[in-house]
Amino acid sequence: MQYWIAATRPRTLAAAFAPLVLATGWLLAHDQFHVLPVGLAALAALCFQIGCNFVNDVADFERGADQDRVDGDKPQRAVASGRISPQAMWRAANLMLGMGVAIGFWLAFTVSWIYAPLGVLSALLAWAYTAGPYPMAYCGTADAIVLLMFGPVAVTGTIFAAGGSLNTVSWGLGFGPGLLAVALLAINNLRDHAEDAMVGKKTLAVRYGPTFVRWQWRMMLVGSAALSVYLAIQLGPLAGLGAVALALPALKPFVLGPTAAALFGWSLLTALGLVLG
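Each step along the sequence shown adds one to the number in my numbering, with nothing skipped, and position 43 is 43.
Treat the hints with caution; some may be incorrect.
[Unchecked claim] If you anchor each label on the Cβ, the simulated ranges turn out as follows:
1. ARG63 / VAL111: 36 to 46 Å
2. GLN87 / GLY172: 39 to 49 Å
3. VAL255 / ILE114: 31 to 41 Å
In short, the hints are calculated from the structure, not lab data.
These figures come from a predicted structure and were not determined experimentally.
C-beta atoms are modelled at their ideal positions from N, C-alpha and C, and glycine is treated no differently.
Work out the full structure, taking the sequences as your base and the hints as a guide.
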């Protein structure tokens, strides 16, 4: 069981839950929060994130991209280390993605038809991140998908599921976690760029070099700070509270832990500011 838990990559789950925390803050501030749809949205996000991680584990193994995690000092992957078979990992990945799609169809029947194609699209993107003939993580296109799916799509999708109101501000709100999720991806790409280049994984770090990705990381933080200023102007000073969390990665740049903490912290503090404001 411990190998399966490790394969879910618990540290990445903040990227899935941060938009839900932010959407919850928006709903509470507008007196539109309902437990069931928000809970289902959270469960779907968890299924898609874990399913994506499972696909990543087995697909990278099959492409030979995890050899450094067997022989090197990086955290080992479950399939590459032989702890879980590829067949078992594929079954688990399909189960998690299927559960996410099923929740999408339930929301389609109870809220809006849009959740059926959205659920299917989310599953396909989670699968295509590292699998298929043109995996996004190997083509340098993953950053844009991460920005949208962990940002505006996740936030507004949760708000709409609960019957909440959508406007320009709520759509803009979602870019906060999206930008910081891309910052997390940038750190991973920066760390792995030498190994990725050897296996043909053309991330932005491989295509344009480490300096480009360091500037990408900085711009994601600047964008999040600018969004906090925008929210403070539009909704009141407390709505900009999330900017406080950006001090963590600013003090320890290009380190995964502080940036992950900033992702969740920005969303939590912004949500708190929305409620208190």
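Hints violated by the structure (numbers, ascending) | Of the numbered hints, all hold.
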